[in-house]
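Visitor: Sequence:
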Amino acid sequence: MEPIANTNKTQKLGIQKSIRFNPYDPKFQANPYPFYHNLRLVEPIHQSFTGMWVITRYADAKAVLRDSRFCVNKMQKNVKQKSHSLEQRDFNTLAQAIDKWLIYLDPPEHTRLRGLISKAFSSTSVNFLRPQIQKITDELISKVRHKGFMDIISEFACPLPCNVIAAILGIPVEDWLQLYHWSDKLSNILDPLSSLEDYEQMNTVALEFTNYFKSLIAQRQKSPQQDLLSALITVKEQNNKLSEDEIISVCMLLFLTGEETTVNLIGNGMLALLSHPEQMQQIKTQPMLIQSAVEEILRYDSPIQITTRVATEDIVIDDVTVRCGEKVLVVLGAANRDPAQFPEPDCFDITRVNNNHLAFADGIHYCLGAALTRIEAEIAINTLIQQLPDLKLSQDQPEWRNKVAFRSLKALPVTFTPAVPV
Numbered sequence: 006m007e008p009i010a011n012t013n014k015t016q017k018l019g020i021q022k023s024i025r026f027n028p029y030d031p032k033f034q035a036n037p038y039p040f041y042h043n044l045r046l047v048e049p050i051h052q053s054f055t056g057m058w059v060i061t062r063y064a065d066a067k068a069v070l071r072d073s074r075f076c077v078n079k080m081q082k083n084v085k086q087k088s089h090s091l092e093q094r095d096f097n098t099l100a101q102a103i104d105k106w107l108i109y110l111d112p113p114e115h116t117r118l119r120g121l122i123s124k125a126f127s128s129t130s131v132n133f134l135r136p137q138i139q140k141i142t143d144e145l146i147s148k149v150r151h152k153g154f155m156d157i158i159s160e161f162a163c164p165l166p167c168n169v170i171a172a173i174l175g176i177p178v179e180d181w182l183q184l185y186h187w188s189d190k191l192s193n194i195l196d197p198l199s200s201l202e203d204y205e206q207m208n209t210v211a212l213e214f215t216n217y218f219k220s221l222i223a224q225r226q227k228s229p230q231q232d233l234l235s236a237l238i239t240v241k242e243q244n245n246k247l248s249e250d251e252i253i254s255v256c257m258l259l260f261l262t263g264e265e266t267t268v269n270l271i272g273n274g275m276l277a278l279l280s281h282p283e284q285m286q287q288i289k290t291q292p293m294l295i296q297s298a299v300e301e302i303l304r305y306d307s308p309i310q311i312t313t314r315v316a317t318e319d320i321v322i323d324d325v326t327v328r329c330g331e332k333v334l335v336v337l338g339a340a341n342r343d344p345a346q347f348p349e350p351d352c353f354d355i356t357r358v359n360n361n362h363l364a365f366a367d368g369i370h371y372c373l374g375a376a377l378t379r380i381e382a383e384i385a386i387n388t389l390i391q392q393l394p395d396l397k398l399s400q401d402q403p404e405w406r407n408k409v410a411f412r413s414l415k416a417l418p419v420t421f422t423p424a425v426p427v
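Under the working numbering, the sequence shown has 52 at position 47, and the numbering climbs by one with no breaks.
By construction, these hints were calculated from the structure, which means they are not laboratory data. Glycine included, every Cβ here is placed at the ideal spot set by N, Cα and C. Each hint should be verified, as a subset may be incorrect.
Stated by the list, open to error - Cross-link-like lysine-lysine pairs, in silico, DSS-like; alpha carbons within 25 Å at most:
#, residue 1, residue 2
1, K32, K408
2, K332, K219
3, K415, K397
4, K219, K124
5, K408, K190
Claimed, not checked - Label pairs and their in silico Cβ distance ranges:
#, residue 1, residue 2, range
6, S123, Q231, 38 to 48 Å
7, S128, Q230, 20 to 30 Å
8, R328, R71, 34 to 44 Å
9, K148, T209, 22 to 32 Å
10, S130, C352, 33 to 43 Å
11, I369, D189, 23 to 33 Å
12, K219, S130, 40 to 50 Å
13, E202, Q291, 20 to 30 Å
14, E202, L182, 38 to 48 Å
Full structure from sequences and hints, please.
Guide: Structure, rendered in structure tokens:
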């Protein structure tokens, strides 16, 4: 995705300033929202120089996400093309590993796979995990409470979702760190700036991850446990069940999405609250506000900023025709700041009502792990606020990672009153 510029529409509107929308610009990464507002005002359905369409209005974004004439972008095809173009390197192991990722499947494959695993990720099912998530959260905070300072990203937000997924899958505790390192490497698959070395590492990690889970699946087939991995092995619907490759794919995707979505949600959420201390204090005195707060964080600073779709036929959006085969970049972060949908969209308000954001997308590809991600964020953010007194930012201008599709902090250093040793 290249820098986007267009002057025609601005001239028609009598606006002399051209649109400059460069998602690789450090200024954009530090605060993309003014750029989104400018693009939405001047050219809300904008075509880039390479033919990709950029959608910034809420109504248009929702329509595209719900329209079955748009399919998902096939990441496996992209990896194979990368394999061919980068010095004839073979990344087929990586391509095969992501072949069954739910986020890159369309019906009927998507319908079948989602139907088999959706019950395990329903709100009712994941609510039973609250005590386990709270225990893991408390353990991570106990490691830093005595210090009086920490980096929320590296010391808390990053290990938390990985440890939670590992725990609910039934992975031995001694292997958790290895799974964290693997998921960290694999997350580069979602970064268009990933280098040849990144792809080589991901290819190696995909093979190691696959071999590890093949061994673990074989153990569970012989001796099932009360864990998610055993449930995935035994799930059956109308004589239909998951293959070994599909189970491994589900597990890999769980770690990957936790690495990006949950980490960014916790990091962005704590930054927003620390920047609005009066609202953080509201949560401290009224913990029941945490659910509403998480929804506002999802809207205000969405962890996933962009999702991609491909037109399967010529489709008209408003007065613009998207041709068959053209890519559409649905900018979730822009849609969630659309004043036509959200009053005072740039105002952070944890008591906001009717907060129907698109942070988890919409339609058949609405995030399957949304309920789990919400619960992790609710527990993580509330526990940080309740257990670390006088929590404050120790850096005025936090740095953002160079990731186009994600809103992702490099670090979030904070100080607090250290716990007194007992």
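Visitor: Does each hint hold? Answer for all of them.
Guide: Here is what the structure says about each hint:
1. Distance check on the hinted pair: K32 and K408 sit about 13 Å apart at the alpha-carbon level, within 25 Å; holds.
2. At roughly 36 Å between alpha-carbon atoms, K332 and K219 are farther apart than 25 Å, so this suggested pair is violated.
3. Restraint check: the Cα-Cα separation between K415 and K397 comes to about 17 Å, which is no more than 25 Å; the hinted pair holds.
4. This hinted pair checks out: K219 and K124 have alpha carbons roughly 23 Å apart, not beyond 25 Å.
5. A hinted pair counts as satisfied when its Cα atoms are at most 25 Å apart, and K408 with K190 qualifies at roughly 14 Å.
6. Distance hint for S123 and Q231: a CB-CB separation of about 20 Å, inconsistent with the stated range 38 to 48 Å.
7. Restraint check, S128 to Q230: a C-beta distance of roughly 24 Å satisfies the suggested window 20 to 30 Å.
8. Roughly 20 Å separates the CB atoms of R328 and R71, a value that falls outside the hinted 34 to 44 Å.
9. At roughly 30 Å, the beta carbons of K148 and T209 sit within the given window of 22 to 32 Å.
10. Restraint check, S130 to C352: a C-beta distance of roughly 35 Å satisfies the suggested window 33 to 43 Å.
11. A hinted range of 23 to 33 Å for the beta carbons of I369 and D189 is consistent with their spacing of about 29 Å.
12. At about 26 Å, the beta-carbon gap between K219 and S130 misses the expected band of 40 to 50 Å.
13. Taking the beta carbon of each, E202 and Q291 are about 48 Å apart, not inside 20 to 30 Å as hinted.
14. Taken as a hint, the range 38 to 48 Å is violated for the pair E202 and L182, whose Cβ atoms sit roughly 22 Å apart.
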